[in-house]
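Asker: Now for the letters of each chain:
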Amino acid sequence: MSDTQKDASDNKTSSESEKNTSEQNKSRSDRHPKDEKPSHPSRNHHGVEGHNESDEYEEQVPDQDHGTQKEDDDSDEVIKVARTPTSPALLSQLEHRRDYARARGLGAGHTGAATWKIQRMTALALIPLAIWFVVSVIRMSFASQSAAAAWLAWPVNAAVMAVFIVIALRHAVIGIESVFEDYVDGEGLRAASVLLVKLIAFVLAVASIAALIHLAI
Amino acid sequence: MARPLSPHLTWYKPQITSVLSILHRLTGIALAVGSIALAWWVVAVAVGGATFANTTAVYTSIIGQIFLFGWTLALSFHLSNGIRHLFWDAGYGFEMTTVNRSGMAVLLMTAVLTIVVWLIALIG
Ligand code: HEM
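So the sequences go chain by chain: R and Z.
Plus 13 on top of the position in the first sequence (first one is 1) and you've got my numbering.
Plus 31 on top of the position in the second sequence (first one is 1) and you've got my numbering.
The set of hints was computed from the structure by calculation and includes no laboratory data.
It is possible that some hints are incorrect.
Now the stretches of chain R that chain Z is said to cover, found in silico as 3 or more residues with beta-carbon under 8 Å [unchecked claim]:
no., stretch
1, 102-110
2, 133-147
3, 156-163
4, 171-185
Distance windows between CB atoms, simulated [as the list claims (entries may be wrong)]:
no., chain 1, residue 1, chain 2, residue 2, range
5, R, Ala229, Z, Leu138, 22 to 30 Å
6, R, Ile230, Z, Glu126, 49 to 57 Å
7, R, Arg203, Z, Glu126, 13 to 21 Å
8, Z, Ile94, R, Trp145, 37 to 45 Å
9, R, Ile230, Z, Thr129, 48 to 56 Å
10, Z, Ser49, R, Ala220, 49 to 57 Å
11, Z, Ile67, R, Ala162, 36 to 44 Å
12, R, Gly125, Z, Ala81, 41 to 49 Å
13, R, Leu212, Z, Pro45, 33 to 41 Å
14, R, Phe193, Z, Thr82, 42 to 50 Å
15, R, Arg203, Z, Ile67, 45 to 53 Å
16, R, Leu209, Z, Leu138, 28 to 36 Å
17, Z, Val50, R, Gly201, 45 to 53 Å
18, R, Ile131, Z, Phe118, 48 to 56 Å
The C-beta atom is built at its ideal place from N, Cα and C for all residues, glycine as well.
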């Protein structure tokens with residue numbers, strides 16, 4: 014490589030690679046000491062790299078083949094997985110399913126989006142229902158038994174009361190469950206508390222609806 | 032599986048946002064506990080006799096009426112703030128000024144709703 018070529022900065026690489034091909038016939042021992050002159054260290058280094066890349070590429074093609082061949086022989090297990098007849102698409106689907114099964118029931122709410130939605134829907138329904146309910150209860154708290162029984166026996170009152178009780182209890186159970194998730198430590202204790210709340214809510218719902226049916230007939 | 036629980040409430044300086052948030056939870060629990068007593072009223076009417084007489088005696092006593100008023104107050108707050116929650120869930124009202132203003136609106140609506148419910152119940 015001549016000094017003028019070294020000093021030309023822009024088209025240096027192309028001229029060098031041309032030079033490389035012509036120089037490839039030369040023996041390497043002749044060429045390298047000349048390129049690695051200490052006078053222009055950085056440029057020389059760059060130039061050497063260019064040489065090496067083009068040289069090694071041709072030389073390493075057979076080398077790489079040889080390397081893979083070696084891996085084939087050495088590590089059987091890697092190859093076995095790669096050659097499994099199961100399609101990659103099916104494998105990833107199975108992995109997704111396994112991950113989903115693991116994640117399911119974990120998160121903070123254990124049930125997630127569906128419960129969240131029910132909590133909002135019941136809240137919306139409770140806006141008119143709860144106002145109707147509290148007005149009715151205050152009003153009826155002074156009533157005689159026969160007047161209260163007659164009021165509850167009226168189908169519209171009985172129906173709205175039953176709907177209110179079921180929706181309010183549903184809403185309350187979800188709400189209390191989320192409170193327990195925040196403040197009750199320990200999976201077992203929490204599950205037991207939630208179960209107890211659900212049991213109370215169930216008994217309450219059955220008892221009051223049975224009472225409404227009893228009054229209606 | 033050990034998961035971190037919510038930070039406890041004493042960690043924070045009270046602000047209208049945090050106080051209303053805690054109140055929403057407390058009133059929710061109070062409403063749930065109170066609804067046991069109110070569902071009991073329906074059962075007492077059906078059972079009749081001494082059961083109904085005792086229930087009515089409790090409900091019409093001063094303590095009973097305070098309980099009913101408290102339940103109304105809790106419901107009014109929980110309902111008003113619940114509507115605020117539903118707006119948030121729909122993606123509205125997150126700006127800090129709006130959050131503070133809607134918080135004040137919730138307190139106002141709680142007072143108005145409680146009074147209106149009792150006026151309707153006693154007069155209407
Ligand atoms: C008898 C009536 C009601 C009971 C017993 C009740 C009970 C509860 C409870 C225990 C919670 C959980 C509180 C928490 O997680 O911090 C809750 C949450 C909630 N309640 Fe109610 N509630 C009632 C009525 C209503 C009404 C009328 C609304 C009207 C909008 C409402 C809206 C909400 C909302 C939006 C939440 C979720 C709050 C959050 O995400 O933190 N509730 N309720």
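Asker: For every hint, state whether the structure bears it out.
Answerer: So, going through the hints one by one against the coordinates:
no.: 1; hint: 102-110; verdict: violated (count 0)
no.: 2; hint: 133-147; verdict: holds (count 9)
no.: 3; hint: 156-163; verdict: holds (count 3)
no.: 4; hint: 171-185; verdict: holds (count 5)
no.: 5; hint: R:Ala229 <-> Z:Leu138: 22 to 30 Å; verdict: violated (41 Å)
no.: 6; hint: R:Ile230 <-> Z:Glu126: 49 to 57 Å; verdict: holds (55 Å)
no.: 7; hint: R:Arg203 <-> Z:Glu126: 13 to 21 Å; verdict: violated (36 Å)
no.: 8; hint: Z:Ile94 <-> R:Trp145: 37 to 45 Å; verdict: violated (25 Å)
no.: 9; hint: R:Ile230 <-> Z:Thr129: 48 to 56 Å; verdict: holds (52 Å)
no.: 10; hint: Z:Ser49 <-> R:Ala220: 49 to 57 Å; verdict: violated (38 Å)
no.: 11; hint: Z:Ile67 <-> R:Ala162: 36 to 44 Å; verdict: violated (21 Å)
no.: 12; hint: R:Gly125 <-> Z:Ala81: 41 to 49 Å; verdict: holds (48 Å)
no.: 13; hint: R:Leu212 <-> Z:Pro45: 33 to 41 Å; verdict: holds (36 Å)
no.: 14; hint: R:Phe193 <-> Z:Thr82: 42 to 50 Å; verdict: violated (32 Å)
no.: 15; hint: R:Arg203 <-> Z:Ile67: 45 to 53 Å; verdict: violated (21 Å)
no.: 16; hint: R:Leu209 <-> Z:Leu138: 28 to 36 Å; verdict: holds (34 Å)
no.: 17; hint: Z:Val50 <-> R:Gly201: 45 to 53 Å; verdict: violated (33 Å)
no.: 18; hint: R:Ile131 <-> Z:Phe118: 48 to 56 Å; verdict: violated (19 Å)
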